[in-house]
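Participant: Single-letter residue listing:
4 protein chains.
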Amino acid sequence: MIGFALFGAGRIGAMHAANVATNPRSRLHCVFDVHTATAEQVAAAHGAKVAPSVAAALGDPAVDAVLIASSTDTHVELITAAAKAGKPVLCEKPIDLDVKRVEQCRRDIAGTGVPVQLGFNRRYDASHRAVRDAVRRGDVGALQLVVITSRDPAIAPMEYMKVSGGIFRDMTIHDFDYARFVLGEDPVEVFATGSVMIEPALSAIGDVDTAMVVLKAPSGALVHINNSRTAVYGYDQRMEAFGSKGMVQSENWRPTSLRRWTHAATAAQDPLLHFFIQRYAQAYVDELNAFIDVVTSKGKPEVDFEDGRKALIIADAAWESVRTGRSVKVTYG
Amino acid sequence: MIGFALFGAGRIGAMHAANVATNPRSRLHCVFDVHTATAEQVAAAHGAKVAPSVAAALGDPAVDAVLIASSTDTHVELITAAAKAGKPVLCEKPIDLDVKRVEQCRRDIAGTGVPVQLGFNRRYDASHRAVRDAVRRGDVGALQLVVITSRDPAIAPMEYMKVSGGIFRDMTIHDFDYARFVLGEDPVEVFATGSVMIEPALSAIGDVDTAMVVLKAPSGALVHINNSRTAVYGYDQRMEAFGSKGMVQSENWRPTSLRRWTHAATAAQDPLLHFFIQRYAQAYVDELNAFIDVVTSKGKPEVDFEDGRKALIIADAAWESVRTGRSVKVTYG
Amino acid sequence: MIGFALFGAGRIGAMHAANVATNPRSRLHCVFDVHTATAEQVAAAHGAKVAPSVAAALGDPAVDAVLIASSTDTHVELITAAAKAGKPVLCEKPIDLDVKRVEQCRRDIAGTGVPVQLGFNRRYDASHRAVRDAVRRGDVGALQLVVITSRDPAIAPMEYMKVSGGIFRDMTIHDFDYARFVLGEDPVEVFATGSVMIEPALSAIGDVDTAMVVLKAPSGALVHINNSRTAVYGYDQRMEAFGSKGMVQSENWRPTSLRRWTHAATAAQDPLLHFFIQRYAQAYVDELNAFIDVVTSKGKPEVDFEDGRKALIIADAAWESVRTGRSVKVTYG
Amino acid sequence: MIGFALFGAGRIGAMHAANVATNPRSRLHCVFDVHTATAEQVAAAHGAKVAPSVAAALGDPAVDAVLIASSTDTHVELITAAAKAGKPVLCEKPIDLDVKRVEQCRRDIAGTGVPVQLGFNRRYDASHRAVRDAVRRGDVGALQLVVITSRDPAIAPMEYMKVSGGIFRDMTIHDFDYARFVLGEDPVEVFATGSVMIEPALSAIGDVDTAMVVLKAPSGALVHINNSRTAVYGYDQRMEAFGSKGMVQSENWRPTSLRRWTHAATAAQDPLLHFFIQRYAQAYVDELNAFIDVVTSKGKPEVDFEDGRKALIIADAAWESVRTGRSVKVTYG
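The listed protein sequences correspond, in order, to chains W, A, P and B.
Going from the first sequence to our numbering is simple: count from 1 and add 1200.
Going from the second sequence to our numbering is simple: count from 1 and add 1200.
Going from the third sequence to our numbering is simple: count from 1 and add 1200.
Going from the fourth sequence to our numbering is simple: count from 1 and add 1200.
Calculated directly from the structure, the hints in this document are not laboratory data.
Do not rely on the hints blindly, as some may be mistaken.
Any copy will do: because identical chains look the same in the list, a pair fits if it lies in one copy or spans two.
For lysine to any residue, the following SDA-like pairs were computed, each having C-alpha atoms within a straight-line distance of at most 20 Å [said to hold, decoys possible]:
#1 Lys1445 <-> Ile1398
#2 Lys1498 <-> Thr1462
#3 Lys1445 <-> Thr1462
#4 Lys1249 <-> Pro1224
#5 Lys1510 <-> Tyr1532
#6 Lys1445 <-> His1463
#7 Lys1445 <-> Leu1473
#8 Lys1284 <-> Arg1301
#9 Lys1445 <-> Ala1464
#10 Lys1510 <-> Thr1238
#11 Lys1284 <-> Thr1462
#12 Lys1445 <-> Phe1475
#13 Lys1300 <-> His1474
#14 Lys1293 <-> Glu1506
#15 Lys1445 <-> Ser1395
#16 Lys1445 <-> Pro1400
#17 Lys1445 <-> Ala1354
#18 Lys1445 <-> Glu1399
#19 Lys1529 <-> Ser1395
#20 Lys1498 <-> Ala1481
#21 Lys1445 <-> Thr1430
#22 Lys1249 <-> Ala1221
#23 Lys1445 <-> His1474
Predicted model only: the values in this text are computed from it and were never measured.
So here's chain W without its partners, still in its complex pose (with noise of 0.2 Å):
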C-alpha cells in the first residue's frame, strides 16, 4: 500500500483523493491545502490525517508519494522540495506557466533520481490511447495528418481566466502534449492564430477563447488542433491520425448510448459528457495506476518532467506565432 501526501484539496484535489483512497495499492495519508478547511473536510472523507505543513508531510515516513493538485504557481516549489525529499511525485499540468521557473526546477531536481510524473489526463484515456498505439503500431503506416479537436464546455470566470497563462499554456497545453504523443516526435514548428468571440474581456488581457494552430514535425507529419472555450453540446475530444494506410479516430462518449427518433430529427444521442472530471474519470484511476506502478517498480513514467516542460515550450512558441503571425522553430534547450 503506498502512502500518498495530497497537497490541494480542490475540485481536482478531492478527485485525486478518491482515487487514491478506493485504490487497492493505495491509501491517503494525508491532505495539505493552504485553506485548512478544504483540507480537512477531504482528509475527513477518506480517513486522512490534515498535514501541518508541506514540510510535515514530506517529513513524514508513512508518506511514499506525493500528489500535488494545488495551484499552478506552488508546482515548481513543491515538485523541488518532494524531490529533494525522495518522494515520487505525481504533478497535475502544467508545471508552471513561466518556462524559466521550469528550467531552473529541472536543474534543482536533476540528480534526485525521483520520479515526477505529469498529469496528462489524455494519454491514460483508452480511446486516445488506442489512437496512439494503432499509429505506433503502424495501422495507418506513414502518419501524415493528425487532426485534434479540443472544446471545453464552458468558459472558466475571468478571474481564472487572468491567471491562467492564457488559453495556449492552459488549455491547448494538453493538445500539445497530446500530439507529441502520437507523433512520437517533437514539433519543431508552431503556427497559432486566435480570436475573442465568446468573452470580451479577454482582449483587455491578450488572450483569446477560440484558437487554431497547425505544427509540423520532423517527419513533415503536420497537427491540426482547434481550441473553443465554450461548445454548448459538451466537452468535445476527439483525435484523428491519418497516414499512408488509413486513419484512426477516437470519438465522443456520451453518458447513454440512447438514440432518439422523432418527426425532426433521428438518431441524437445525448449532449457529451460535461467536463474532465466526468469525461476523464477513467483515465484519472489509470493514470494513478501507472503512477504507483512507477513507485512500486522505482521505473520512469511514461509521461514525465520533460513533457511538461516540452509542452509548454511549444504554448510559448504558439504565443510568439500570434505575436509574430509566423510560423514560429521550436526547440526544445
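Take the given structure of chain W and dock chains A, P and B to it, following the hints.
Facilitator: Then chains A, P and B, alone, in the frame of chain W:
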C-alpha cells in the same frame, strides 16, 4: 430500344413512366389507364401515345414489353393477356390478393415462356441486396437470425385499406419476399400477431396496423419482421442478418449526411426519406434495368411470378396464424 | 455502513464482493460458499471473514444484509432463511427454475416484510434505463413495438446448459423482465420458437441456442426478443422502443470509441465488450447502490421477488409455446 | 430546351455531356475538342454534332449556352469568346492558374452582362449545402470554427501534377471556395504549410501532397483545411461548422448503408465512394439545373466569375505563406 406499354398511370405508374422514358435502352411507347385523362397526362410528359385499350397496346408491334402498375385487381388479367400476347411483363406487387386467382393465372401462362418479373423493390436496393450478397458469400457463416424492420411513414386512407387485402398481403408481402431472398430457402412455418394502435376503424374490417411475424426456415434459421403503418420519423427500412461468423445490416438512408450538435442533442441526423418513391428511387431504376436485361437476353427474371405467388402464400398463412393463435405450416403447392 | 454476508463466491459472487467492499456505504462482513477455499479467497481479498455456515452468517448481528450469488438451486432456501432472519436480500436471477418452489417461497416469506431485490442487471444499465425512462415520460407517445436483441458472446459448456433450465429460464428471463420494465404492464400472451444451430448436443436435452419470442401486452403493444448463445463480435445488447411519437434505442458499448478507416472498411469500431461482467460493470454497482438505499430507508426494491416470479412464469409459458406451437396466454396467479 | 455546346470531351466533359443530354430542359447540340476523335465519341453517344471550331459553335444560333470542360489553360480564352458571343457559360474550376490572366479576362468580359457560372461542385452537394444553410439560418449561432477535411483517394500522375498549378490552386481551391460559401465573408488572412509525404518527385517542382491551411475571417471566425492527395479508404469530404449555439457537420457517403460485424470489428462500413465523379454525381446534376435556371431566367449565377477569382487569390496567398512562413493578408483588388 425496348418499347414499353404502361398499364396504370397513377403515382407509381407515373414514376415508372419517367424511368422508362429516361433509360437509354427503353422508350415509353404507349400508356393505358381506365382514367383516360391520367393516361394522357403521363403519355404527354414523355412523348408517348395513349393506347385506346389493353388489347390495342398488346397488339401493337412497337410494344416489346409491358409494365403493369394498375390497381391490384387488374394484375392477373393483364399478366395473362400480356403473356398470351408474348410480351414480357414487369408487374407491380402483389400479383393478386386471392391465391386461387394467382394459381389460375399460373396455369394460364404456363407454357407461354414469357418472362414475368415482379416489382419487389427491396431486392434492387443496393444496401438490402448487399446484405443478401454478404449472406450468400458466407460472410456471416451459417445464417441463424434475420430481423426485418419495415415501417411506413403514414397510414393510407381507409378507402385504400379496405381494398388492400390487409397488412400482410399489402405491406408485409415485401418483407416476406425479402426474407426468402436473404434466406435462400422457403419458410416452412409462420407465426403472426397484430394490434390496432393507429387507426381504430381497422378493427371493423379485421385488419391491424401494428404487427410482428416470426418465420422458421428448413435450416432452422429464424426471421422476425415488425411492421407499423406510421413511423413519424419517416419510412424505416432496416435489414439484419446474423450467423455463426457475424452480422451484416442495412441501415436507413437520409436526404443528407448532416449531423446536428446542440445543447439538447448530439449528432442528430435528418428524418428519413419519406416513402418508397424517394427511398427506392434508384431501386426502381435498377429493377427496370434488370427487366430490360431479361427482355433483351430472353433470360429469366431474378424475381418472378413464383416469388409473387410464394410471398402471397406466406401472407395468407400469416392471417391464418392471427386467426388461430398458432404457428402455421406453410406449403407452396 | 451496511455489513454484507455474501452467499456464493464464484465468478459473479467475487464481482459482487468487490463492489460491496469498495462501496463507501457498505462493507463485506463474511462470505459463505460450499467450496470453503473459494470463500476463503474472496474473503481474504477484502478483509472479510469466512462464515462457517449460512445459519451462522444470518445469526451474526454485524450482518445487515445478504447478497445471494450461489447456484440457482440454493436461492429459494437462502431467500427464505434470510427473510425469516430479517435480513434484506439482494439475489441474483433467477429465483428458481421451478415456479412451484417460487410460489412456495413467496408464501413462506409473505409477512416477513423483508425486502428481496432481484438482480436483473439490465434495469440498472444507464442506457437501457434511459429507454424505459423515455417511454415512461411519453417521449415515444403510445408504446407500440419493442425490439430486444440479446445475444451472448459464447455458449456455456454443456455441463452448465444441462442445469440451466433452458434458454428461456436462463437467458431470456432477463429480456422478459426488461420487457415488463419498459412496457409498464404484464404481457398476456407469449409465442416462442427456437432452433439448435450452435451446439447439436442441446437437442438431446430439449433446449435450443437460437430463439425468437413475441409478447403481447394488454395495451396491444408487441414485444420481440431474439437470442443467440454465440455472437462472435461480442455480447450484443440492444433495446428499441417505438410508439406514436417516435423511437428510442439503446446501442451497444465498446471498450473504446475508436474508429478505423482502411482500404477495406470505414469507421469500423471495436468488437463489443465480451460479456456481462464487463458490459454491466456499472449496472452492478448501481444495482448495489439501489439495494443499499432500500436497506437504509426500509423501502421497497424497484425490482423485487414478484418481478422474478413473473419473469419465470413468462419463461415457462415460452417453453409451453415451443411445445405446442401456439401463442400461450400468460396468467400470473 | 437549352442547346449546349460542350468544349472539352475528356472524363469530366463526358460526364457533363451525359447530364446535359438526359436533363429534360437541355440538349447537347455540339461538342468541340482538340482531339476530334474524343469529340466524335461523346457527340455520337448523345446524338450531338461535332463542332468544327470554337468559333463555329459560338456562332451557331442553336447554341444557347456553353459548358467549358477543357484543360485549364484554355478557360480564359473560351470564357472570353463565349461572353463576347453572348452565350452564358458554365465553366469548370479553376478559371486559370495565373491571376493576371483572370484579371484580364474579368476586364474583357465586363459589360457583356453574360452570366458565367463556376463549377465548384461542393456548393451543389445537398449535405455540404445543408451545412451552409444551417449556418446562414443561425442554427449554430455566431460562426466561430470551420473544419474542412478534403482528401483525394489517389494522387494523379506527375504529368498532371506538373501543370496543375500546385495543390492550393488545383485541389484546395474547392475548399477555399467552400470556406467563403459557409463563412458568408471573405477571409482576410491565410496561413498554409505542406509536406511531401506521398510522391517524392513533387519536391523538385515545389509542390506538396499533404497540406494544412488556417484562414481568418473579418468576424474572427477561423477555418482549418487539411488535404492529402491519397486517402486509401476513398475520397474523404467532411465539413464542420461550429458556433455559439452548436455545430453542424456533413459526413461522407458510402455506396451502401451496409454495416459489418465480425470477431475483429463492429459496424464497419463500406470504403468511401472513390472520387468526385461518383461522390458529386448528383451535385453535378444540380449544378447544371442551377445553370439552366440562370440561362432561362437571365439571372445571376450563385457561384460566378468573382468566386473563381477570389478562390484563386486565396490560393496564391497560400503559396506565398508556404514560401514566407507567415500568415499572409489577403486582398481581393
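Participant: Hint by hint, note whether the structure agrees.
Facilitator: Comparing the hints with the structure gives:
no.: 1; hint: Lys1445 <-> Ile1398; result: between (39 Å within a copy, 11 Å between copies)
no.: 2; hint: Lys1498 <-> Thr1462; result: neither (56 Å within a copy, 40 Å between copies)
no.: 3; hint: Lys1445 <-> Thr1462; result: between (39 Å within a copy, 6 Å between copies)
no.: 4; hint: Lys1249 <-> Pro1224; result: both (19 Å within a copy, 18 Å between copies)
no.: 5; hint: Lys1510 <-> Tyr1532; result: within (6 Å within a copy, 40 Å between copies)
no.: 6; hint: Lys1445 <-> His1463; result: between (40 Å within a copy, 8 Å between copies)
no.: 7; hint: Lys1445 <-> Leu1473; result: between (32 Å within a copy, 17 Å between copies)
no.: 8; hint: Lys1284 <-> Arg1301; result: within (17 Å within a copy, 69 Å between copies)
no.: 9; hint: Lys1445 <-> Ala1464; result: between (38 Å within a copy, 10 Å between copies)
no.: 10; hint: Lys1510 <-> Thr1238; result: neither (33 Å within a copy, 51 Å between copies)
no.: 11; hint: Lys1284 <-> Thr1462; result: neither (62 Å within a copy, 50 Å between copies)
no.: 12; hint: Lys1445 <-> Phe1475; result: between (33 Å within a copy, 18 Å between copies)
no.: 13; hint: Lys1300 <-> His1474; result: neither (35 Å within a copy, 50 Å between copies)
no.: 14; hint: Lys1293 <-> Glu1506; result: within (12 Å within a copy, 49 Å between copies)
no.: 15; hint: Lys1445 <-> Ser1395; result: between (35 Å within a copy, 17 Å between copies)
no.: 16; hint: Lys1445 <-> Pro1400; result: between (44 Å within a copy, 17 Å between copies)
no.: 17; hint: Lys1445 <-> Ala1354; result: between (37 Å within a copy, 12 Å between copies)
no.: 18; hint: Lys1445 <-> Glu1399; result: between (42 Å within a copy, 15 Å between copies)
no.: 19; hint: Lys1529 <-> Ser1395; result: between (22 Å within a copy, 16 Å between copies)
no.: 20; hint: Lys1498 <-> Ala1481; result: neither (26 Å within a copy, 32 Å between copies)
no.: 21; hint: Lys1445 <-> Thr1430; result: between (34 Å within a copy, 9 Å between copies)
no.: 22; hint: Lys1249 <-> Ala1221; result: within (12 Å within a copy, 22 Å between copies)
no.: 23; hint: Lys1445 <-> His1474; result: between (34 Å within a copy, 16 Å between copies)
The earlier numbered hints that this structure contradicts are 2, 10, 11, 13 and 20.
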